[in-house]
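Chains as they are written, first to last, in the working numbering: chain A, 564 to 647; chain B, 375 to 575.
Hints were generated in silico from the structure; no laboratory data involved.
Quantities reported herein were computed from a predicted structural model and do not represent experimental measurements.
Where a beta carbon is used, it is the ideal one built from N, C-alpha and C, also for glycine.
Careful: at least some of the hints might be erroneous.
Chain B is faced by these chain A residues, among others (derived, beta-carbon under 8 Å) [unchecked claim]: (1) 570; (2) 574; (3) 580; (4) 582; (5) 602; (6) 605; (7) 608; (8) 609; (9) 612; (10) 630.
So these bits of chain B aren't anywhere near chain A, every CB distance computed over 12 Å [claimed, not checked]: (11) 396; (12) 421; (13) 424; (14) 426; (15) 483; (16) 493; (17) 531; (18) 562.
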Amino acid sequence: MSDLIPTLKVQIIEQLNLQHLKPEDIGDDQPLFVEGLGLDSIDALELIVLLQQKYGIKLANPQDGPQVFKSVKSIADYITAHKK
Amino acid sequence: MAQHFSIQSYVTLRNNRITQNGQLLFENEALSGPEFLQAAYTHFQFNYPKFFKMDNLCKTGFIAAELLLRNQPGFAGFKPEEKGIILQNANSSLDTDIRYEASIATAPSPSLFVYTLPNVLIGELCIRHQVKGETACFVFDIFDADFQAGYVNSLLANQGLKTCVSAWADYYAGKAEAFFSLVGPGTGDEHNAGNLAKIWT
């Protein structure tokens, strides 16, 4: 988990074209959507693609999306729990 | 008597050079198309993080519109419904279409898919500059000054627009081009086919 969060931040910046940000600009628990990083629905789809491409994880239930993608830490928790 | 409308300001971007009203603002011939757009964004110190998510066509139009409208407080003063954008383009969204098609081989990219229409550029500009009046995007082989002048002038004379961005924006295979004019009543060269062609060709 300790390595996963910094790696995820780099991957999120690359996948979502957030070149104006550095990994250290993103807090582990910072909300990713709306009041946090301001990500939108297209970014949510890109995060789903990222999980599939980098970690081989398909979001089983789309209803879980808001909770899974709440923050970098929540994504890392989901990956840790579901990685084969 | 037919109303006359003026070119109040204009911006051109091509061959890695950006000018405004004929004055060179920025150039760097050594850079590729995407690198040049990024360098221009940095050079002009724009602050609009969504720029980084845009495709190259939208980045081209964004830069031209920012420069055109940054010293035009009058434009911001009009009601959104009184402002329009009429765009011409040659290669539609082909540059991004090709990149999206390539992404299908691995995982289709949602962020590329949303830019597979040229009029998405108009949407980006409408959001940025609070435009809710008439907008349209036309695809021609080359910039059609006759059509552009006639269409924009008609909107200003008859359709309730008080100001209009009259634009050409194109991006394909690393080549970015934009010609943006702010058009409305007032002083300046007349917005007609001859003057548009004289500036751009």
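Right, here's what the structure says about each hint:
1. Interface restraint check for residue 570/A: the shortest CB-CB distance to chain B comes to about 19 Å, outside 8 Å, so the restraint is violated.
2. For residue 574/A, the interface hint is violated, the least distance from its beta-carbon to any beta-carbon of chain B being 13 Å, above 8 Å.
3. Here the hint on residue 580/A is kept, as its CB sits about 5 Å from the closest CB of chain B, short of 8 Å.
4. For residue 582/A, the interface hint holds, the least distance from its beta-carbon to any beta-carbon of chain B being 5 Å, beneath 8 Å.
5. Nearest Cβ of chain B to the Cβ of residue 602/A: about 10 Å, over the 8 Å cut. The hint is violated.
6. About 5 Å separates the beta-carbon of residue 605/A from the nearest beta-carbon of chain B, less than 8 Å, and the hint is met.
7. Taking 8 Å as the C-beta contact cut-off toward chain B, the hint placing residue 608/A at the interface holds, the least distance being around 4 Å.
8. Using the Cβ-Cβ criterion of 8 Å, the hint placing residue 609/A at the interface with chain B is satisfied: the shortest such distance is roughly 5 Å.
9. Hint status for residue 612/A relative to chain B: holds, with the closest Cβ pair at about 5 Å, below 8 Å.
10. With a cut of 8 Å, the hint placing residue 630/A at the interface with chain B is violated, because the nearest CB-to-CB distance is about 20 Å.
11. Every Cβ of chain A is farther than 12 Å from the Cβ of residue 396/B; the closest lies at roughly 32 Å, confirming the non-interface assignment.
12. With a minimum CB-CB distance of about 9 Å to chain A, residue 421/B fails to clear the 12 Å threshold, and the non-interface call is violated.
13. Separation of residue 424/B from chain A is inadequate, the least Cβ-Cβ distance of about 9 Å not exceeding the 12 Å criterion.
14. At the 12 Å boundary, the C-beta of residue 426/B falls inside the reach of chain A, the nearest C-beta of that chain being 5 Å off.
15. For residue 483/B, the requirement that its beta carbon stay farther than 12 Å from each beta carbon of chain A is not met, with the minimum near 7 Å.
16. At roughly 17 Å, the least C-beta separation between residue 493/B and chain A is larger than 12 Å, which holds for a residue marked as non-interface.
17. Listed as outside the interface, residue 531/B is consistent with that label: its C-beta sits roughly 38 Å from the nearest C-beta of chain A, beyond the 12 Å cut-off.
18. No Cβ of chain A approaches the Cβ of residue 562/B within 12 Å, the least distance being about 36 Å, so the stated non-interface status holds.
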